[in-house]
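For this one, chain A is given, so just place chain B on it according to the hints.
From first to last, the protein sequence lines stand for chains A and B. Residues 164 to 413 (the numbering used here) are what the first sequence spells out, left to right. Residues 569 to 1067 (the numbering used here) are what the second sequence spells out, left to right.
Accuracy of the hints is not assured; some may be wrong.
Said to hold, decoys possible - Derived, one-sided and incomplete: chain A residues facing chain B with beta-carbon distance under 10 angstroms:
{"id": "1", "residue": "N178"}
{"id": "2", "residue": "G186"}
{"id": "3", "residue": "G197"}
{"id": "4", "residue": "P203"}
{"id": "5", "residue": "A205"}
{"id": "6", "residue": "Y218"}
{"id": "7", "residue": "D220"}
{"id": "8", "residue": "D286"}
{"id": "9", "residue": "G289"}
{"id": "10", "residue": "V290"}
{"id": "11", "residue": "D292"}
{"id": "12", "residue": "Q339"}
{"id": "13", "residue": "F343"}
{"id": "14", "residue": "D361"}
{"id": "15", "residue": "H365"}
{"id": "16", "residue": "G386"}
Hints in this document: simulated from the structure, not taken from any laboratory. Predicted, not measured: the structure shown is a model, and the values here were computed from it. Each residue gets a CB set at the ideal place from its N, CA and C atoms; glycine is no exception.
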Amino acid sequence: MMASMRVALMVTCINDALYPGTGQAVVRLLRRLGVEVDFPEAQTCCAQPMVNTGYLDEAVPVVRTFVDAFKGYDAIVTPSGSCAGSARHQHGMVARRSGDAGLERAVAEVSPRVYELSEFLVDVLGVTDVGAYFPHTVTYHPTCHSLRMLGVGDRPRRLLENVRGLTLVDLPAADQCCGFGGTFAVKNADTSVAMGTDKVRHVGETGAEVLVAGDNSCLTHIGGLLTRQRAGVRTVHLAEILASTEGSVA
Amino acid sequence: MSNATFVGMPVFPTAARDALEDAQLRHNLAHATGTIRAKRARLVEEVDEVSDWEDLRLAGAGVKEQALLTLEEQLLQLERTLTAKGATVHWAGDAAEANRIVTGIVQRHGVDEVVKVKSMVTQEIGLNEALAAEGIAAWETDLAELIVQLGDDLPSHILVPAIHRNRAEIREIFLRAMKGVGRPAPDDLTDEPAVLAAAARAHLREKFLRAKVGISGANFAVAETGTLVVVESEGNGRMCLTLPEVLISVVGIEKVVSTWDQLDPLLRLLPRSSTGERMNPYTSMWSGVTPGDGPQEVHVVLLDNGRTRALADEVGRQALRCIRCSACLNVCPVYERTGGHAYGSVYPGPIGAILNPLLKGVGNPGPEGEQVDSLPYASSLCGACFEVCPVRIDIPSVLVDQRVKVVDARRGNGAVASLSSGHLAEALAFKGAAVALADARKLGFGERFTGVGLRMARRLSTLPGLSKWAGTRDLPPAPQESFRAWWKRTDGGRSEGER
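One chain only, chain A, in its complex shape:
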């Protein structure tokens, strides 16, 4: 079944520009599991920054580019709960705004095929042990959109629990938002930082060396606070831990 599937990597704009290592990790991980991904080079962004700031007209050409880039694939895999949520739950609204029935049809076809990485691994490939090795104490922050928009549930935890060498410790108040929130982090910077500071305090309470999450946007915010505070905890995307093996550790 896997061999016949056409799978695309939706790397996301933030990973493309700032965290290429996360995209590379997804490619290596899926290749190890027997899945060759395409990288449709026409892809740019899921349009979430525009939609969530209220610029719906500006989101229309971006969503059009999105469906043009990804149409025809059986599965579109992305290392971001937030961007997957945007494609699955917001593109329809953008298409309706455009008044273009063709775009609405294209979105209806493409957006249900978007999978966040842990969903693709557990639900489509049916694996929870991906053969990873990561000899560190790790705590996991479930990002809001993966948790509440997508409902990834315990999939990321099940994947982490099967990583050899990894010790998973519970994060207190794990399901509280870190305070990133896209443009919220700048428009309401003071509140955003107050939320992030509490998240960082809870991370410190775990004694973990590494904070893992499925969204680099949230990790940019939490990580930016951690390094500014010289907290001695690093942030790593879930994909990079799952891609790590005895031969190559993230």
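Below, chain B without anything else, positioned relative to chain A:
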């Protein structure tokens, strides 16, 4: 009497910054919201053990949705049943009209004071201030509302309006202010909750026994039977609803439900979601006038004040299902840190962030318009509010939709010159992004400079825009190349070994 007002509050980010600096407030809020949150969660689990909380939510949402879809019919029936049972029904289009009606009734009875049941809607319309302007004192009898009133303060929570105060602060307020408006607090007042409650009880008792006119809101209004319902914890409501000769209830038109039986899911959802109790201590229900028992003159003021505007909003109308439980406030990470005053309204928190723009409209000129327009952005869109809402209001989706309406209103205001410089810069940035992100070739061109950009940003991080990020947070390290450049260079990683 309180002179405090929400009028003239600054935009949310500014008000929030002041609130965040108040360490005592942060402590009080984290403690109180954390406690209620845990109580609610335990009771929801308990329901799930024997049936299904989600089924109850669906039932509650369904009851309210049905009433909203047939609102005109329900309201006319409510008017008929209330009138048949001896109540006088008044219709008020806005706050001023409602205040005129209530003030007129009180004046006809020639009294200079009224006792009040805790009521959000009378705060929404500024009834106490309107009465005060006519020389009529309105005594709040809910413990927390009393604390707010005596402290010349503003409510900061729908259910627990004095949530921002701790008991030491309450003791000081009672000692200072009770003596000016009635029975003073005892000299040996301590900050023990039971002692504070006893002082309030003694202070309020003389007001209950003296007042000729009581004023309330209503949690629900049953069209079928002409019954109003007030749900409360302290019994002060029961006093106000039964002792005075005249009772005036101001009721938002969205409070109507069709049938008596439909109260069932709502009366189970509300206490569990609000105070974290299986059942609230007092549920008062009354239908018009009962000869020889309770108030002999009963008025009901049915209020619009923006509700039909909200009803016309296809996405936003679900906010009218709200039963004012406050579960969304208690779980909101933004509210937990800023408190309610920052929202500049008697409706704070996630529900306030959608209800205020829906009731008042967005894109209105002036500082008050700017304040309302800032509310839909006072959220990280984390979705915790939707998860707990007992009537399934999808607050994050309404927040995004209200943001779209704010931006559209600014577009409609057309003339770019009318935009403040911040709004203009944002609009231009998103227009630029739309052009760049519609074409990957342009994006790839831009990304070649990502590393340079980040390195420059580090140097320039004192600039106003960037400083909002970089003042407290480091920027991520710049990568050597973008993902798409790596993909092209290595043929998708095939032409490079494992790192």
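Do the hints match the structure? See the list:
1. At about 6 angstroms, the closest approach between the beta carbon of N178 of chain A and any beta carbon in chain B falls short of 10 angstroms, and the interface hint on this residue holds.
2. The beta carbon of G186 of chain A comes within 4 angstroms of a beta carbon in chain B, closer than 10 angstroms, and the hint placing it at the interface holds.
3. A hinted interface residue such as G197 of chain A counts as satisfied when its beta carbon comes closer than 10 angstroms to some beta carbon of chain B; here the least separation is about 15 angstroms, so the hint is violated.
4. The beta carbon of P203 of chain A is positioned within 10 angstroms of a beta carbon in chain B (closest approach about 9 angstroms), and the interface hint is therefore held.
5. Taken as an interface hint, A205 of chain A checks out: its beta carbon lies about 5 angstroms from the nearest beta carbon of chain B, inside 10 angstroms.
6. For the restraint placing Y218 of chain A at the interface with chain B, the shortest Cβ-Cβ distance is roughly 4 angstroms, inside the 10 angstroms limit, so the hint holds.
7. Nearest Cβ of chain B to the Cβ of D220 of chain A: about 8 angstroms, under the 10 angstroms cut. The hint holds.
8. Proximity of D286 of chain A to chain B is violated relative to the hint, the smallest CB-CB distance being about 21 angstroms (cut-off 10 angstroms).
9. A distance limit of 10 angstroms between C-beta atoms decides the matter here; for G289 of chain A the minimum to chain B is near 24 angstroms, and the interface restraint is violated.
10. Look at V290 of chain A: its Cβ only gets to about 20 angstroms from chain B, farther than 10 angstroms, so that hint breaks.
11. Residue-level restraint check for D292 of chain A is violated (minimum Cβ-Cβ distance to chain B is 20 angstroms; threshold 10 angstroms).
12. Using the Cβ-Cβ criterion of 10 angstroms, the hint placing Q339 of chain A at the interface with chain B is satisfied: the shortest such distance is roughly 5 angstroms.
13. Taken as an interface hint, F343 of chain A checks out: its beta carbon lies about 7 angstroms from the nearest beta carbon of chain B, inside 10 angstroms.
14. Hint status for D361 of chain A: holds, given a least beta-carbon distance of 8 angstroms to chain B, under 10 angstroms.
15. With a cut of 10 angstroms, the hint placing H365 of chain A at the interface with chain B is violated, because the nearest CB-to-CB distance is about 12 angstroms.
16. Hint on G386 of chain A holds. Least Cβ distance to chain B is approximately 7 angstroms, under the 10 angstroms limit.
Taken one by one, the earlier hints fail for this structure at numbers 3, 8, 9, 10, 11 and 15, listed in ascending order.
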